[in-house]
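**Q** Sequence:
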Amino acid sequence: MVGINELTVNFGERYLFNKISFIINKTDRIGLVGKNGAGKSSLLKIIAGESESDGGNISMPSGFRVGYLPQDMDFAYGKTVMEEAKSVFKEVNGINDKIEIINEQLAVRTDYESDSYSEMLNELSDLNERIGLLGGFNIDSNCETILKGLGFSPEDFTRLTDDFSGGWRMRIELAKILLSNADVLLLDEPTNHLDIESIQWLEDFLKVYHGGVVLVSHDKAFLDGVTNRTIEISLGKIYDYKTYYSKYLHQRQERREQQLAAYNNQQKQIQDTEKFIERFRSKASKAVQVQSRIKQLDRLDRIEIEEEDNAAMQFSFPPAPRSGKVAVEASEVGKAFGDNQVFSGVNYFIERGKKVAFVGKNGEGKTTMIRSLVGELEHEGELKIGHNIEMAYFAQNQAEELDKEKTVFEIIDEAAHGEVRKQVRSLLGAFMFGEEEITKKIKVLSGGERARVALCKLLLEPINLLVLDEPTNHLDIRSKDVLKKALQNYDGTLIVISHDRDFLDGLTEEMYEFSDGNVKQFLGGVYEFLESKQAKTIREFEHKEKVVEKKQKQSSVHKLSYEDRKQRDKDIRKTQNRVGKLEKLIEELETKVEGLNQKLLDPNAYSQELMDEYGTLKEELDQAMKDWEKSEKELEMLNA
Numbered sequence: 057m058v059g060i061n062e063l064t065v066n067f068g069e070r071y072l073f074n075k076i077s078f079i080i081n082k083t084d085r086i087g088l089v090g091k092n093g094a095g096k097s098s099l100l101k102i103i104a105g106e107s108e109s110d111g112g113n114i115s116m117p118s119g120f121r122v123g124y125l126p127q128d129m130d131f132a133y134g135k136t137v138m139e140e141a142k143s144v145f146k147e148v149n150g151i152n153d154k155i156e157i158i159n160e161q162l163a164v165r166t167d168y169e170s171d172s173y174s175e176m177l178n179e180l181s182d183l184n185e186r187i188g189l190l191g192g193f194n195i196d197s198n199c200e201t202i203l204k205g206l207g208f209s210p211e212d213f214t215r216l217t218d219d220f221s222g223g224w225r226m227r228i229e230l231a232k233i234l235l236s237n238a239d240v241l242l243l244d245e246p247t248n249h250l251d252i253e254s255i256q257w258l259e260d261f262l263k264v265y266h267g268g269v270v271l272v273s274h275d276k277a278f279l280d281g282v283t284n285r286t287i288e289i290s291l292g293k294i295y296d297y298k299t300y301y302s303k304y305l306h307q308r309q310e311r312r313e314q315q316l317a318a319y320n321n322q323q324k325q326i327q328d329t330e331k332f333i334e335r336f337r338s339k340a341s342k343a344v345q346v347q348s349r350i351k352q353l354d355r356l357d358r359i360e361i362e363e364e365d366n367a368a369m370q371f372s373f374p375p376a377p378r379s380g381k382v383a384v385e386a387s388e389v390g391k392a393f394g395d396n397q398v399f400s401g402v403n404y405f406i407e408r409g410k411k412v413a414f415v416g417k418n419g420e421g422k423t424t425m426i427r428s429l430v431g432e433l434e435h436e437g438e439l440k441i442g443h444n445i446e447m448a449y450f451a452q453n454q455a456e457e458l459d460k461e462k463t464v465f466e467i468i469d470e471a472a473h474g475e476v477r478k479q480v481r482s483l484l485g486a487f488m489f490g491e492e493e494i495t496k497k498i499k500v501l502s503g504g505e506r507a508r509v510a511l512c513k514l515l516l517e518p519i520n521l522l523v524l525d526e527p528t529n530h531l532d533i534r535s536k537d538v539l540k541k542a543l544q545n546y547d548g549t550l551i552v553i554s555h556d557r558d559f560l561d562g563l564t565e566e567m568y569e570f571s572d573g574n575v576k577q578f579l580g581g582v583y584e585f586l587e588s589k590q591a592k593t594i595r596e597f598e599h600k601e602k603v604v605e606k607k608q609k610q611s612s613v614h615k616l617s618y619e620d621r622k623q624r625d626k627d628i629r630k631t632q633n634r635v636g637k638l639e640k641l642i643e644e645l646e647t648k649v650e651g652l653n654q655k656l657l658d659p660n661a662y663s664q665e666l667m668d669e670y671g672t673l674k675e676e677l678d679q680a681m682k683d684w685e686k687s688e689k690e691l692e693m694l695n696a
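For the record, in the sequence shown the residue sitting at position 619 is 675 according to the working numbering, with numbers rising by one throughout.
These are computed hints drawn from the structure, not numbers from a lab. Glycine included, C-beta positions come from ideal geometry on N, C-alpha and C. It cannot be assumed that every hint is accurate.
Distance ranges between label pairs, derived from CB positions [as the list claims (entries may be wrong)]:
{"hint": "1", "residue 1": "E669", "residue 2": "Y133", "range": "46 to 52 Å"}
{"hint": "2", "residue 1": "E669", "residue 2": "Q314", "range": "30 to 36 Å"}
{"hint": "3", "residue 1": "G401", "residue 2": "I155", "range": "27 to 33 Å"}
{"hint": "4", "residue 1": "E639", "residue 2": "Y133", "range": "53 to 59 Å"}
Construct the entire structure; sequences and hints are all you get.
**A** Here is the structure:
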């Protein structure tokens, strides 16, 4: 369990966090949400011990392990993928080194009856026992499972990490964190470099992870699939909702409406009371009533309306210059890196004004095709750009390529030409960079803020072909929606790579699938494409299997004898009683846990005794939940 107690961080003249407090429990799957720059990444860094706060503290038990995946990191060189993944098991690796040394010594010694030889055998036995306790004998299989889940093939295991792109190396770092067996995982945008299949695998992995999970993500579907708690960061405060993202949005709106209604009612009561006081203040006969009303106002617990952060990026693309009917035409296009043929014999053409998506697993050539199109890579065959095409290209690492020592204003001002230079400040304002923000250097901006600067550069010249490679990486959900709307209204041609289903839905009308060295056209949107592939989600397949299984069970029930049905009904009643008792126990334990939560939020009340009591209660609650789930499954099977 991690306690965040009265945490305060000053950012210039404003609070990034102003005395925020909450607890991360073992079973929590927390989604941190808020606009870019609200402090989501900063909070993860402080919890991970990578940054310091200006006040308050982070408390956690002795020996507590934190696994932290930042958005940006330094990568290791010179190891294979498997070696790098296994490097996280430091104690096991150290023990294996000792075992190897002992085995080498035993192989050459012949003094089998000596005390030193016996001591060496005992030490070897102890070391092997320790490896067993650490799960060291399963390391290879665990690494293989995690790496495959994140999209690596067995052939990749022996390749050097140096050979992989930044996105794939980020996956290796993610694999190491998932293998670390940490008590809590802090994941900052873990899906940014994953394809749809890997995102689904990670979603399923995190749902059953043994420890707590706190993640920052702007993927709505991923948040809904993983989280059971949502913490919103807004204007230096936090708002804690015990539910997943989509439900949080509804609860947040309902809470504000209720709060506003209560505020309006109280304001009317205050006005009526103040009118009474003013009217009868000078009348002696009403002096008692007036004083009573004055005291009533003094005692009143006044309702305050939470400030709402409605700032949002607002922009639209300028009208696209007229171009020829065909924007892009590919004829027998191929590309190979050494012996690796990425694709070959590719033919397609994209008409003026069309909005298309390149889709497929990572490594199938989507980005390679785009880089060939914009002239960054040589290729086989012919890639023709249409007549009068003015193209703008947004690369995956566009935001990271910005000069980190320059300010926001300098980046845009230097890229602007002619009349556009007069509008730089207003253009930056549309991207939520005010007078204070435009003087900040790129190196101090969040990932989302850098992405907004990079997007802003696209508007400096009129363009009729937009080529975007993962443009939503690091953008908050509100900014993604604004970008999507701007692209829907854009009258030029769009080619986009994205793994975000919600972003592509309603934006693109054609899909080009990259698979096994080929590129196939699909006419339709992203969900139609997924339906045609019969791969909406893994959960859907599981649901179909359960439906079939249930039908089979239902047909077998009718074949039961009278005695069997009687016994079955008895088992159902017995299981229902057990479920009811467990639900009552869980409710009691949750009440006690919540009570302790409130005590632990108070730094003055915090103690090891309370922590131990809390841990015992949580273990009881976890066991009760497991028993309840087991009983529910039994009841479901009996009723099937």
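**Q** Next, verify each hint and record whether it holds.
**A** Quick rundown of the hints versus the structure:
no.: 1; hint: E669 x Y133: 46 to 52 Å; result: holds, 48 Å
no.: 2; hint: E669 x Q314: 30 to 36 Å; result: holds, 34 Å
no.: 3; hint: G401 x I155: 27 to 33 Å; result: violated, 53 Å
no.: 4; hint: E639 x Y133: 53 to 59 Å; result: holds, 54 Å
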